[in-house]
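Chemist: Listed below are the residues making up each chain.
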Amino acid sequence: MSFFLDLIVSAILLGCTYTLVAIGFSLFFGVMDVVVFCCGDIAIFGTFAILGSYTIMQGLGVIQSWPLLFIILSLLVIGAVICALLGLFTYRLSIKPFERTSALMPLLSTIAMGIVIKEVIGLFFMPATNGLSRLFAGANAVTVVSGRNPQGFPSLLSLGGSTDVRDAIIVAVTIGILLLLFIFLNKTKAGLAMQAISQNKELSMMTGINVHRSIILTFVIGGVILAIGGFLLGNYQTVMSFDNGAMFGVKGFSAAVVGGLRNTWGAILGGMLLAFVEVFISGYVGTAYSSIVAFIVVVIFIIFKPEGIIGEKTVEKV
Amino acid sequence: MKKTSIWFLLLIAVLTLSVVLAACGGAEEPAGTEEPAGTEEPAESSVPEVVKIGFFAPITGSNAAEGSAARNAFQMAIDEANASGEFPYEIQLIIVDDQSTESVAVSGANQIVSDPLAVAASGFWNSGPAAAASEVFKDAEIPLLIWGAIRESLTSPENYPYITRSAPTDKQENKPLAEKVLDEMGYKDWFIVSDTSSYGQGNLAAFTDELAARSITALGTETVQEDATDFSAVVAKIKDSGAKAVYCGSTVNIGSLLKEQLYSAGVTDILYCGISGMKTTDFFKIGAKAAEGALVVSPGIILEDSPEGQAFIEAYNTAGYSEPIGAYTPYAYEAALIILNALRACGDAPTPEAMVDAILNSETTGIMGTTTFNEIGQTTNVAAYLNVAQDGAWVPLEDSEYAAGARTFGGQ
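Respectively, the protein sequence lines represent chains L and F.
Counting in this note's numbering, the first sequence runs from 94 upward without gaps.
Counting in this note's numbering, the second sequence runs from 53 upward without gaps.
Chain L extracted, bound-state conformation (with noise of 0.2 Å):
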């Protein structure tokens, strides 16, 4: 393959990971109107959850007996729900105390969320683990050392050791999360409701949709996508470190925002269009400038076209 295929597979692997944390901003954003910045942080402890689970099924055994397909759902189900009670949590504690306040309340609280979310994986992953593990499995339980060493992450998805089948897979999950996603939106009393809110939150009250159920749904589905996310970075990088979320976080909200903060499909594009500037820019420019032109493409969306790609552009009557 040549280089410049090379790299445009990358890109659209980067992209896809990308991609996932984005839509958790635009859910949460399109409905609660404001900025969740723990985002990186909720994936990243999904993909914890996930390593910490996988850790104690294998001194249960169960990895060496049950199929791989088996393992895998199992894993995702329960990353996708702590993701998704971790997500709640978040709403409670960090947004729903400062629905009345100026935006930059939730903004400043999620970020410290972020923080706690972090050390929390930091100091807890390895007791948790540990505890859990000789808790199940007794004398054959295996444990993890450290929780704020790299972690190892489990190369499920590299069926037959291959990682074009890996790459597919990242690829081929991404693509049926967005077309579930596609049709809960669409085709769904509750997806609508959801759009509904995202246009007009006071309209959508007055017309009899449950605002405070389509927010809670809103931060489980993004949770559920969030720990997805979580698991098919970590099958992509393999290595994982408590602190990944805030930096995958950033990229995720500059998608977003790229792409059309208020707007699903706005995500898509921003994501892959920052993962190709960042993957192009390494291959022809060099690797230590990719992060600094991603950001200054950002920052340039943000002066020139705030509303994003594809977002709508608001006229306010005075």
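Just so you know, the hints here were simulated from the structure itself, not pulled from any lab data.
Cβ coordinates follow ideal geometry from the N, Cα and C atoms, glycine included.
For each label pair, taking beta carbons as the anchor points, the in silico distance ranges come out as:
hint, chain 1, residue 1, chain 2, residue 2, range
1, L, Val170, F, Asp235, 55 to 65 Å
2, L, Ser158, F, Lys341, 17 to 27 Å
3, L, Leu273, F, Ile354, 53 to 63 Å
4, L, Arg185, F, Glu210, 49 to 59 Å
Only some residues are given here: those of chain F computed to face chain L with a beta carbon under 7 Å:
hint, residue
5, Thr112
6, Ala116
7, Ala117
8, Thr248
9, Val276
10, Asp282
11, Ala285
12, Ala288
13, Leu309
14, Glu312
15, Ser316
16, Asp334
17, Ile338
18, Ser374
Sample of chain F residues at the chain L side, in silico, Cβ under 10 Å:
hint, residue
19, Lys291
20, Asp292
21, Asn305
22, Phe336
Go by the hints and put chain F onto chain L.
Modeler: Same frame as chain L, but now just chain F:
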């Protein structure tokens, strides 16, 4: 879009950039210090009850494996000294987790120099934090013995006599690796990867100098950010360059991820070599297959080959530390022995002034031979050996199946 929204998004962009810059420079967190309970003021009698030694290492973060093992070894030597009853005072450690970050190192250094009981310090696996903290120790005229940071300029006439180093420099480490892979194995088509840290830049310069001395020009050179995790573009460049060998002058985080991503991309018929920063057990978190065949230089001697080294390994393992011995763990132990030797030379009431001379003039025979210091405070005891990743573990090259001819390096 409303004007206020534009300003709001710009504000977020500024916040975003600040997060990126913070991530590039490392987290700015307060120094994590572990200080045993003890007396806070010097004893009024001539013999103090407590003498304190500062110790720095990255105990958390991506370099935690090396830093924690070094902390264990240093603590082990001090515990042995205290248990021996040889010293008329208790030696206490002020342990600083520098998190491989300059600001945290400086904060910890300030804490140590402000402690009236502190007479010396030892530390650092990363050159950036070592350089930053060196200024604090020089100003306070308290000796700092570096056990693991290898940037050449750390020991210099400007830093003399307060800053000494018992570890080799980046040039001293790269030289035996270059002699092996360039002169003996004959690789000529190179791709060089390093990171933006001073460690990465020092190694880049050292290995590039070795190539230049042999009239070899690298096919490509790439410098990546310290927190980079995606090297797909670098891998594509390496593939495209036609390189037969890759040199990685970085630490384990970048070194292992790059090796894994090369392996995943099918770039296996290539020599992958690097510096001691990669020689930790964390390298194998990418899996034994992906790690296989990586060649790294390690400072010091093969511990198993000497009775003193074997005794150290046995004592370390008996102590039950969870972190295995890393490339610089013996150097941290040696640094403790040098400081203990200096304390002995200072008699019953050591002071920072006396410790400066005592360290410079010390002659310490430890597990890796006899250490003395030259005219700029650099150790004269220089040794290094090569290791290869074989079946999920680091094996001295001379004992490996690669040396025996049962396995071969890529790119030959």
